[in-house]
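A.B. asks: The lines below spell out each chain.
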Amino acid sequence: MHDPGQPGSVGLPAGMETADQAQDFVPAGLASLGIEADEIELAVMHAAHSMFWPPIRDLLSMDLGGLQAERDPDLSRAPEEEAE
Amino acid sequence: MRALDLSLRAQAAGIAAGEIDAAELLEATLARIDERNPAINAVVETFPERSREMLAAAPAGPLRGAPVVVKDEWPLPWRAQKFGSAQLPAPVQPVPAESGPYRALRDAGAVIVGVGNMHELGSGSTGNVSVYGAARNPWDVERCPGGSSSGPAAATAARLVAGAVGADGLGSVRFPAAYCGLTGLKPTFGRSAMAGHHMAATTSLIVSGPLCADAADCRLLGSALFGESIPAGDAAGLRIGVVRDAVSEDVAPEVRAACEEALEALRAETGGSVHEIELADLEAATLAALLIVNAEGLGGVTPELLNGLDPAVSPVNRGFVKYRMLLPAAAIAQAKRVRTLTRRRLAALFEEVDAIAWPTIPAAAPPLDSPLVELPSGTRTADQANVRGAALANLTGIPAVSVPVGLGEGGLPLALQLQGAWGADALLLDAAEALERANGRRWVEARPPLARAEAAEA
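Those protein sequences? They're chains A and B, same order as listed. Counting with my numbering, you get residues 1 to 84 for the letters of the first sequence. Counting with my numbering, you get residues 85 to 542 for the letters of the second sequence.
To be clear, the hints were calculated from the coordinates, so they are not data collected in a lab. Heads up, some of the hints might be wrong.
Label pairs and their in silico Cβ distance ranges [said to hold, decoys possible]: (1) A/Asp74 <-> B/Ala170: 31 to 39 Å; (2) A/Ala47 <-> B/Asp453: 15 to 23 Å; (3) B/Ala285 <-> A/Arg57: 31 to 39 Å.
The following residues of chain B were derived to be distant from chain A, with all beta-carbon distances above 10 Å [what the hints assert, rightly or not]: (4) Glu111; (5) Ala140; (6) Trp162; (7) Ala164; (8) Val176; (9) Val225; (10) Ser288; (11) Arg328; (12) Glu362; (13) Glu367; (14) Leu374; (15) Ser454.
Listing some non-contacts, in silico: residues in chain B with all C-beta distances to chain A over 10 Å [what the hints assert, rightly or not]: (16) Met85; (17) Asp118; (18) Pro143; (19) Gly384; (20) Leu410; (21) Ala419.
Don't be surprised by glycine CBs; every beta carbon is placed ideally from N, CA and C.
Please model the entire structure based on the sequences and the hints provided.
C.D. replies: Given below as C-alpha cells:
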C-alpha cells in the first residue's frame with residue numbers, strides 16, 4: 001500500500017531524512033518546471049528550503065480535525081462561524 | 085518651532101488658519117530633503133513641479149498643504165512604482181496611474197513631495213536591500229531603518245516630512261516604525277486605500293498605513309487613507325492581553341524591560357487591566373501568513389518570466405522568487421485552515437481583552453551590513469526574529485499599532501505593539517495616545533541626531 005506520508009513506502013529506509021533529499025528537492029523541482037538557476041540562486045533556495053521545509057512538514061501534520069477553511073473570508077471582520 | 089518641525093496636524097491646522105504659508109512649507113520641505121536625505125537615502129525621487137501643482141489644486145481638506153511621502157509601492161500619475169526592485173516578478177509591469185493612496189491624499193489636500201525607498205520587493209524587515217541602495221536609520225546611519233517601508237519611516241524620523249504612507253503585508257509598517265522611533269498603524273484589512281498596488285486585487289494580507297511621530301498624526305493621515313474619520317476616544321478601562329510565548333519572551337532584555345514598563349504605564353493610565361492569555365500555534369500562524377502571501381504573489385508568474393528576470397534583482401530575491409514556485413499546494417491549503425482556526429481563536433480572545441500586546445521587534449535595529457540580532461535563544465537574522473511578532477495581524481486581518489516605548493543602550497528606539505479586534509483601529513490609536521500621556525510623550529517627541537540639531541536651533 002502506498003502511503004505518501006511514509007518515506008519507507010516509496011523505497012527509502014524509514015527515518016532517512018537526509019540532507020541529500022533536501023539537496024535534490026530544489027534542483028529536481030526547478031527542472032520539472034523548466035526554471036533555470038545559477039549557483040548563487042541555488043544556494044539561496046537551499047537555505048530557504050532548509051528554513052521552510054521542517055515547519056512546512058509540521059504544518060502539514062497538524063491535526064485540525066474537520067476544520068474547513070473559510071470560503072472567501074471577509075478579513076475586515078471577525079469570522080462568522082462560532083468562535084472556538 | 086519652524087513649521088517643518090511641527091506635527092502633521094499642526095502643519096495642517098496652521099495652514100488652514102493662515103498662520104503657515106503652504107507654499108513656503110513646501111519649498112522648505114524640498115530644501116530639507118536636499119539637505120538631509122543624502123545621509124539616509126529615504127526619498128528616492130522628488131518632483132517639485134508636480135508637488136507645486138498638487139498644492140495649487142489642493143482642496144480644503146483636512147491635510148491641505150501638508151507635505152507627505154509615499155512608499156515606492158503604488159503608482160503616481162507621473163511615475164510608476166518600482167517596488168524597490170529592478171524588475172517586478174509579475175506578468176504586467178507597473179505604469180503611472182492614479183493609485184488609491186494618491187487619490188486619498190490628493191482629496192484630503194496633502195502634497196506628495198517624494199517617493200520613499202523600500203526593501204526590494206517588500207521581502208525584508210530591514211530595508212538594507214533596494215534597487216536604490218539601502219535606506220539608513222536616522223538614529224544611526226549604520227543601522228537598518230526597518231522594512232519594507234524603510235524610506236517612509238526614515239523620512240519621517242529625520243523630519244523630512246511629518247507623515248508618510250507605507251504598506252504592511254507582514255509587518256512592513258510596524259518594523260520600520262519601531263526601528264525609527266515612530267508610531268505606525270497597520271489598519272484592519274480592507275479599510276485603507278490600496279488601488280494601484282500590483283497585488284490589490286489578489287492580496288489578503290497587504291494594507292496601506294500611516295507612519296508618523298505620534299498616534300494623533302496617524303489618526304489624521306489614516307483617516308485620509310480610510311476615506312472616513314477615525315474617531316478619538318480615551319481607551320478607558322483597556323483590557324490588555326499578554327501572551328507568554330516566544331514572541332514576548334525571546335526578546336532582548338532591554339526590549340522586555342521597556343515593554344513591561346510601558347504596559348504597566350498603559351494599564352495605570354487607562355484604569356485598565358493586564359491579563360495573561362493563551363494563543364496556541366503562533367508559529368503555525370506565522371508560517372501560514374508567509375505561505376499565503378508568497379502564494380498570492382505568484383499569479384501569472386511563469387518559468388519563462390523567472391528565467392528572464394533582470395540580473396539586477398538581488399540574488400537573494402532571484403533565488404527566493406524561484407523557490408516560491410516549489411511551495412506545495414497542500415501547505416497552502418493547510419495554511420488557509422490555520423488562518424480560519426486562528427481567526428476563530430482571536431474572535432474568542434477579543435471577548436475577554438481589548439488589545440493583545442507584545443514587542444514589535446525583539447531587538448533594536450541591527451547593523452546594515454549584518455542584519456542579525458542577539459536573542460536569548462541565540463543569534464537570528466532580523467527577518468526571522470521580526471516576523472514572529474507581526475504575521476498574526478496580517479494573517480487574520482486585525483489592526484495593529486507600533487508605539488515607541490524607549491531607547492535602548494545603543495540609543496536606538498524600542499517599541500510595543502498593540503493588536504485589536506477587527507475594526508478597532510480607533511481604539512488602538514486611543515491606547516497609543518494613552519501611553520503617550522502616561523510617559524509624558526517622552527518617546528514620541530524624542531528626535532534622532534539628524535533631526536535634533538535643527539529643531540533645537542529653531
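A.B. asks: Look at each hint and say if it fits the structure.
C.D. replies: Hint check results:
A C-beta distance of roughly 36 Å is found between aspartate 74 of chain A and alanine 170 of chain B, which places it inside the suggested range of 31 to 39 Å. Take alanine 47 of chain A and aspartate 453 of chain B: their Cβ atoms lie about 19 Å apart, and the range 15 to 23 Å holds. The hint said 31 to 39 Å for the Cβ distance between alanine 285 of chain B and arginine 57 of chain A, and at roughly 32 Å that hint holds. At the 10 Å boundary, the C-beta of glutamate 111 of chain B stays outside the reach of chain A, the nearest C-beta of that chain being 40 Å off.
No beta-carbon of chain A comes within 10 Å of the beta-carbon of alanine 140 of chain B; the shortest separation is about 36 Å. For tryptophan 162 of chain B, the shortest C-beta to C-beta distance to chain A comes to about 32 Å, beyond the 10 Å cut-off, and the non-interface label holds. No beta-carbon of chain A comes within 10 Å of the beta-carbon of alanine 164 of chain B; the shortest separation is about 26 Å. The claim that valine 176 of chain B is not at the interface with chain A holds, since no C-beta of that chain comes within 10 Å of its own (minimum 20 Å).
Every CB of chain A lies more than 10 Å from the CB of valine 225 of chain B, the least distance being 28 Å, so the non-interface label holds. Against chain A, the non-interface label of serine 288 of chain B is violated: not every CB pair exceeds 10 Å, the least being about 6 Å. Every CB of chain A is more than 10 Å from the CB of arginine 328 of chain B (nearest about 20 Å), matching its label as outside the interface. At roughly 12 Å from the closest C-beta of chain A, the C-beta of glutamate 362 of chain B stays outside 10 Å, upholding its exclusion from the interface.
The Cβ of glutamate 367 of chain B does not lie farther than 10 Å from every Cβ of chain A; its closest approach is about 7 Å, which violates its non-interface assignment. Distance to chain A contradicts leucine 374 of chain B as a non-interface residue, since its nearest Cβ pair spans about 8 Å, not more than 10 Å. With 10 Å as the threshold on Cβ separation, the claim that serine 454 of chain B sits away from chain A holds: the shortest Cβ distance comes to roughly 16 Å. Every CB of chain A is more than 10 Å from the CB of methionine 85 of chain B (nearest about 39 Å), matching its label as outside the interface.
Every C-beta of chain A lies more than 10 Å from that of aspartate 118 of chain B, the closest at about 37 Å, which supports listing it as non-interface. Non-interface status of proline 143 of chain B relative to chain A is upheld: no Cβ of that chain comes within 10 Å, the nearest being about 28 Å off. The beta carbon of glycine 384 of chain B is kept farther than 10 Å from every beta carbon of chain A, the shortest such distance being approximately 15 Å. The claim that leucine 410 of chain B is not at the interface with chain A is violated, since a C-beta of that chain comes within 10 Å of its own (minimum 4 Å).
Distance to chain A contradicts alanine 419 of chain B as a non-interface residue, since its nearest Cβ pair spans about 7 Å, not more than 10 Å.
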